[in-house]
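*Asks:* Protein chains in written order, with the working numbering: chain L, 1 to 109; chain H, 1 to 406.
Any given hint could be a false lead.
[What the hints assert, rightly or not] Distance condition first, Cα-Cα at most 16 Å in a straight line; then the derived EDC-like pairs of lysine to aspartate or glutamate:
(1) H:K165 with L:D77
(2) L:K29 with L:D80
(3) H:K165 with L:D64
[As the list claims (entries may be wrong)] Only some residues are given here: those of chain H computed to face chain L with a beta carbon under 10 Å:
(4) A164
(5) L170
(6) R269
(7) F273
(8) N362
[Unchecked claim] A partial selection of chain H residues facing chain L, derived with a Cβ cut-off under 8 Å:
(9) M147
(10) I153
(11) R154
(12) R156
(13) R169
(14) D172
(15) A175
(16) R314
By construction, these hints were calculated from the structure, which means they are not laboratory data. Glycine included, C-beta positions come from ideal geometry on N, C-alpha and C.
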Amino acid sequence: MCRAAVGRPPGWVILHVNTVISVNGLMKKYQEILNEVYEGLAPFAKGEMELSEDTELVSELGLDSMQVMELLLTIEDRFDISVPVNIVPDVVTVGDLARQIHQLVQNQS
Amino acid sequence: MGIFDRLKSIAAAREDVGQMIGVDPFNVPLERIISATEGQIHGRRTILAGTNNYLGLTFNEECIAAARAALEHEGTGTTGSRMANGSFSGHLALEAELSEFFGRRSTIVFSTGYLANLGIIATLASPGEVVVLDADCHASIYDGCRMGGADVIRFRHNDADDLAKRLRRLGDRAANALIVVEGLYSMLGDFAPLEQIAAAKREYGGYLLVDEAHSVGVVGDMGRGVAEQAGVEDDVDFIIGTFSKSLGATGGFCTSNLPGLDLVRYACRPYIFTASPAPSIIASTRKALSILRRQPDLRERLWENAQRLYEGLRELGYTVGPQPSPVVAILLQSREQALTFWHGLMERGIYVNLMLPPATPNGISLVRCSVSAAHTPEQIDAIREAFADLRDIAGIPGAGEAVASR
Chain L
1 MCRAAVGRPP GWVILHVNTV ISVNGLMKKY QEILNEVYEG LAPFAKGEME LSEDTELVSE
61 LGLDSMQVME LLLTIEDRFD ISVPVNIVPD VVTVGDLARQ IHQLVQNQS
Chain H
1 MGIFDRLKSI AAAREDVGQM IGVDPFNVPL ERIISATEGQ IHGRRTILAG TNNYLGLTFN
61 EECIAAARAA LEHEGTGTTG SRMANGSFSG HLALEAELSE FFGRRSTIVF STGYLANLGI
121 IATLASPGEV VVLDADCHAS IYDGCRMGGA DVIRFRHNDA DDLAKRLRRL GDRAANALIV
181 VEGLYSMLGD FAPLEQIAAA KREYGGYLLV DEAHSVGVVG DMGRGVAEQA GVEDDVDFII
241 GTFSKSLGAT GGFCTSNLPG LDLVRYACRP YIFTASPAPS IIASTRKALS ILRRQPDLRE
301 RLWENAQRLY EGLRELGYTV GPQPSPVVAI LLQSREQALT FWHGLMERGI YVNLMLPPAT
361 PNGISLVRCS VSAAHTPEQI DAIREAFADL RDIAGIPGAG EAVASR
């Protein structure tokens, strides 16, 4: 949560004024994003493979960069936000992707 | 870990392909060039149907004479950048002629089409800016974005509503966004819906850049491309093109009415830090441009050939691209099938392009023909015959008794 607020003073202030509600809201949003990412990645999970935040997109799920970018299109529409493809090089795991999107949701809300 | 370790997957893929068909489809030796549409490959006389030589001008006598004269009078090369070594009169003349052809204020000539996209996009779209591009844009456009450092937002291929949605989300940032599309897409041969794309730009703002690499000389009454045909040239801020397709040489350009383009020249690394095009290339390109303008019959012949091949392959039961164009794509069911199919064409003396993921949209495998005005109707029919022979490999139902089971 702190990572999401860094570099965005207004969000930081809101977080402190209304701590409980905001923290719950942020957690809920993060979980929602994570679930959406899980859903988008489900077709890539082979056999009994269970997805977690630590699952690696390329080495474990076999995605290429084009497939990651296609997933971003779906996520943009689901949350009505802009997700620059510039984030792709920094995304290794499912959790990385969810956190990047979470940060963008915070910045654009 | 060695510096080549991350290329190991390429070695494995090459070995795999080598075992399957015995040749490297991405490094084909053209042992001899016979004409704009024929060559010799692996000792076999072959019809070239994957060259992007849309108007067939590579062997045009006037173009060759112009190049030869430039070689004799100006030498083999410029040996440096225009910023350091100066501009030859041919560079300046070609820029003026392109500006006049497109009805634009100014033009910058680049050493290749790749560098034109790389240079213009990287210079305009720096960190803090935003590029909104069609998802299926060429690698040179993606590379320009990466070099420039702007935020890059993709929209679904040829979906103007999807573009509008993404511009809306940008809010105030949309006013300075660089919207990038191609006129005619080189993988499937489909056209951009430029009327709707221009409408989205008018509604939300931004600058529109259209890469007409495959459409200059090919589309439009005057051959200015898809923007001309769609009647939206006034909405297009930057047109990028190449000399390596319909103009039969190498090089690229960007033309615009915006005065700022003059400044781009001084900040554009892919323009500054590379040698300028050789005089012979500029001379043949200038001649090719004048032929493109005064011989619309070349365009007519090109489209007759394109229609003939597109319809012919469709009648054979092939899944072709969404609309007829000089790029005729044949969609296949798997990478292995595409490889075997491509090799079958080579064995029948037909050279086309093999396209595999990730270079293709949506992970599809395809072979891609590019038609030329210089193809004779007999050559088009020979290409069709080779495809007819290979229907079994493509798994076309009813093609024969030995339909491949895959």
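*Asks:* All the hints need checking, so say for each whether the structure fits it.
*Replies:* To see whether the hints hold, each was checked on the structure:
Restraint check for H:K165 and L:D77: the C-alpha separation of about 9 Å stays at or below 16 Å, so the hint holds. Between the alpha carbons of L:K29 and L:D80 the distance comes to roughly 13 Å, so the proposed pair stays at or under 16 Å and holds. Restraint check for H:K165 and L:D64: not satisfied, since their Cα atoms lie roughly 26 Å apart, outside the 16 Å limit. Interface hint status for H:A164: violated, as the beta-carbon distance to the closest one in chain L is roughly 13 Å, over 10 Å.
For H:L170, the interface hint holds, the least distance from its beta-carbon to any beta-carbon of chain L being 6 Å, beneath 10 Å. The restraint placing H:R269 at the interface with chain L is violated, with a minimum CB-CB distance near 20 Å, outside the 10 Å limit. The interface hint given for H:F273 is violated, since its Cβ lies 24 Å from the closest Cβ of chain L, which is over the 10 Å cut-off. Interface hint at H:N362: satisfied, since its Cβ lies 8 Å from the closest Cβ of chain L, which is below the 10 Å cut-off.
At about 12 Å, the closest approach between the beta carbon of H:M147 and any beta carbon in chain L exceeds 8 Å, and the interface hint on this residue is violated. A hinted interface residue such as H:I153 counts as satisfied when its beta carbon comes closer than 8 Å to some beta carbon of chain L; here the least separation is about 5 Å, so the hint holds. The closest approach between the C-beta of H:R154 and any C-beta of chain L is roughly 6 Å, which is under the 8 Å cut-off, so the hint is satisfied. The restraint placing H:R156 at the interface with chain L holds, with a minimum CB-CB distance near 6 Å, inside the 8 Å limit.
Given hint, H:R169 at the interface with chain L, holds; its Cβ is 5 Å from that chain's nearest Cβ, closer than 8 Å. The beta carbon of H:D172 is not positioned within 8 Å of any beta carbon in chain L (closest approach about 12 Å), and the interface hint is therefore violated. Annotation: interface hint on H:A175 violated; nearest CB of chain L at approximately 15 Å, more than 8 Å. With a cut of 8 Å, the hint placing H:R314 at the interface with chain L is violated, because the nearest CB-to-CB distance is about 28 Å.
Violated hints, listed in ascending order, are 3, 4, 6, 7, 9, 14, 15 and 16; each of the other numbered hints is respected by the structure.
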